[in-house]
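Using the sequences and the hints given, assemble the complete structure.
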Amino acid sequence: MQSRYVPNRGLNLDYIMWLFTRISGLGIILLALIGLGAAMVMGARLQMDLPTILRWTFMPNPSHVVNSNIPDVTIGWATDFWQIMQYLVIAFVFTHAANGIRMIVEDYTGTSAWRPYIRALIALAWVGMVIIGVYVVIGSAY
Amino acid sequence: MAYGKYTGLQGWVYRGSTPYYAFALHRLSAMGIILFVGLHLLASFSMQQLLGTWGTAINTIYESWWFQIIVVFCVIFHTFNGFRVAILDIWPKLIKYSREAVYLLWAVFIPVYLLTVYLIVTNAFAAS
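In order, the protein sequences belong to chains F and S. Add 193 to the 1-based position in the first sequence for the working numbering, that's all there is to it. Add 15 to the 1-based position in the second sequence for the working numbering, that's all there is to it.
If you're looking for bench data, these hints aren't it; they were derived computationally from the structure. All clues stand as given, with none of them false.
Some chain F residues flagged as far from chain S (calculated, every beta-carbon gap over 10 Å):
{"no.": "1", "residue": "G203"}
{"no.": "2", "residue": "M241"}
{"no.": "3", "residue": "W275"}
{"no.": "4", "residue": "I277"}
{"no.": "5", "residue": "L281"}
{"no.": "6", "residue": "E299"}
{"no.": "7", "residue": "R312"}
{"no.": "8", "residue": "L317"}
Sample of chain S residues facing chain F (criterion: CB under 8 Å; computed from the structure):
{"no.": "9", "residue": "R42"}
{"no.": "10", "residue": "G53"}
{"no.": "11", "residue": "T94"}
Sample of chain S residues with no beta-carbon within 10 Å of chain F, all distances over it, derived:
{"no.": "12", "residue": "I84"}
{"no.": "13", "residue": "I85"}
{"no.": "14", "residue": "L119"}
Where a beta carbon is used, it is the ideal one built from N, C-alpha and C, also for glycine.
So this is what it looks like as structure tokens:
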């Protein structure tokens, strides 16, 4: 009978990512609440409708609210502060998501010989999505 | 459960407890969010940089009201359940109330989700 594999105690990838998932999850909620509060403040000034407020909550990007009935998107919306917030959202969300995908996949594949390749594929997708996200933020209308 | 024994509909029901359903829904909604947000980001990239039609097509589906009902379920459930998991993990003493935490989760989630669906549907029919 084979003994069960127990990972090392202390700092290892699974513990760090377990901690990161909790912290980034709470961080995403905090970022969304900041976006929601600011969208409501700006919405009171610009007669904003509910979908626009929710769009700004999910992603505080000026081109995310272009389709809404706001006369000028750039008033109060396109600042360096919100650009930093967008980068934070992208970094937190895609790292949280990539780790979640890794956990789900490894629940079904286990410690097989494929694991390094699966991890490399997920890491590649993670880097690619972060780069595309940063590119969309930089390319947004200012 | 004995092998070969007919259990009927009871056999389909998970004999664990309600936190398992929260776990399964958390995982399903996670994959849903990754699918929606990943496609939405690629579509936005296409609309912004490539001026492609496939990005517009994906975003049209994404912004339609019936699709928003599914997206909103995944996002709201994943947020509230993730908040519950994080709170229980940060204060492990609360784990003895995990069952009550799941009841609280549904008590908060169902009114918020139903209100959101009501607003989406009324907005959709008011616009058309």
